[in-house]
Amino acid sequence: MAVLRLGTSGRTDVANRLLRDRRLPIVVTALLLIALYLWGAYRYSFDGQVAPNLLINNAYLIVAAVGATFVILTGGIDLSVGSLVGFSTVLLSLLVTKYHWPLWLAGLIVLIVGTTGGALMGGMVHYFRVQPFIATLTGLFLFRGLSLMLTKDSVQVSDKTVASIAQFHIPLPGGAFLSVGAALSLVVVAAAAVILHGTRFGRRVYALGGSEQSSLLMGLPVARTKIAVYAISGFCSALAGLVFILYIQSGNPRAAIGMELDAIAAVVIGGTLLTGGVGYVVGSLIGVLLIGLIKTLISAEGTLNSWWIKIATGALLLVFILLQRIVSGRKLKQ
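Residues 2 to 335 in this note's numbering are what the sequence shown spells out, letter by letter.
Hints listed in this document are in silico derivations from the structure and should not be mistaken for laboratory results.
Be aware that a few hints might be false.
[As the list claims (entries may be wrong)] Restricting the straight-line Cα-Cα distance to at most 35 Å, the calculated cross-link-like pairs of lysine-lysine (DSBU-like) are:
1. Lys296 to Lys311
2. Lys296 to Lys161
3. Lys99 to Lys161
4. Lys311 to Lys153
5. Lys153 to Lys99
6. Lys296 to Lys153
[As the list claims (entries may be wrong)] Pairwise CB distance ranges (calculated):
7. Leu262 to Ala42: 26 to 32 Å
8. Val131 to Ala42: 46 to 52 Å
9. Ile171 to Thr304: 32 to 38 Å
10. Gly259 to Leu319: 42 to 48 Å
11. Val195 to Leu305: 36 to 42 Å
12. Ser215 to Ser165: 31 to 37 Å
13. Ser159 to Ile110: 14 to 20 Å
14. Gly175 to Leu106: 37 to 43 Å
15. Ile110 to Thr200: 26 to 32 Å
Values in this document were obtained by computation on a predicted structure and should not be read as measured data.
Beta carbons: idealized from backbone N, C-alpha and C, even for Gly.
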């Protein structure tokens, strides 16, 4: 009986350690992604281009989700992502097509505007104590309104450089390929991972998400860090707009409506706690790919309404929020 009790206790300790592990949500997401992909490959006979297409078709969302990860890691939220993406497509399209600006200069202006807009929202959150939800909701309406003020119609980008970049393929083994936008999204993920896990600024981001009061007591530059994460989110949203331009080769004031919700969902499904302090940018990448794979599977099925994508995303989001509650609850009890 003593051996039996010891064995039961050992299994309980292993289960408790597993549930306390902050990496549990991202591991579950990765395993689910692999399982669904293998099931889809068996049922629909996926070819070698399906996996790269997940990156190609969701490159802009990956970039936007990276920016949202920085903000959520501090315990904040950014609702301006989709509007800023749409505004960036319109601004670049008009600068290049109507005013004939060089592409590099127009892209630089778009990135500066996005970064500045994000920093201003971060300043509202910190210095004026405006709730992140309200501050970024202001940005949502502002950038969407500016987009519609600039044009109410789609603006086709006729620049040859944009077309050549959009059509350029990076070859992969087996005859598959990646687009420039997909490759750029992976570079953004890698850069964000290095910043978050290998720099002093990254440690400040996690510390701020853990406890802002403790960060202040430790003498960390809370104001600078908080404004910086919103500026990074604004930069990533603007960059996502540029990647989106490569995907559709036009600017549309109604583009990316609701993308902020997709980005937040991907970040949470990828294992980042909404309360901040815990998460990995690679998890956000996996979250985007999982949502993209669900879209692929539903499209391949052919008999399901597209609304099932939203239903499946909502169900996944609920499951992972509950999983986060279990993990964080176990931590609090220790």
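Hints, verified against the model:
A distance of roughly 9 Å separates the Cα atoms of Lys296 and Lys311; the hinted pair therefore holds under the 35 Å criterion. For a cut-off of 35 Å, the pair hint linking Lys296 to Lys161 stands: about 31 Å separates their Cα positions. Taking the CA atoms of Lys99 and Lys161, the gap is near 14 Å; set against the 35 Å cutoff, the hint holds. Taken as a hint, the Lys311 and Lys153 pair is honoured in the structure, with Cα atoms around 27 Å apart against an allowance of 35 Å.
Annotation: proposed proximity of Lys153 to Lys99 holds, straight-line Cα distance about 15 Å (limit 35 Å). Taking the CA atoms of Lys296 and Lys153, the gap is near 29 Å; set against the 35 Å cutoff, the hint holds. A hinted range of 26 to 32 Å holds for the C-beta pair Leu262 and Ala42, which are about 29 Å apart. Look at Val131 against Ala42: about 48 Å separates their beta carbons, and that is inside 46 to 52 Å.
At about 34 Å, the CB distance of Ile171 to Thr304 agrees with the hint of 32 to 38 Å. At about 18 Å, the beta-carbon gap between Gly259 and Leu319 misses the expected band of 42 to 48 Å. Restraint check, Val195 to Leu305: a C-beta distance of roughly 40 Å satisfies the suggested window 36 to 42 Å. Between Ser215 and Ser165 the CB atoms are about 51 Å apart, so this pair departs from the stated range of 31 to 37 Å.
Checked against the given bound of 14 to 20 Å, the beta carbons of Ser159 and Ile110, roughly 19 Å apart, stay inside it. Checked against the hint of 37 to 43 Å, the pair Gly175 and Leu106 passes, with Cβ atoms roughly 39 Å apart. Under the hint 26 to 32 Å, the C-beta atoms of Ile110 and Thr200, about 28 Å apart, fit the expected range.
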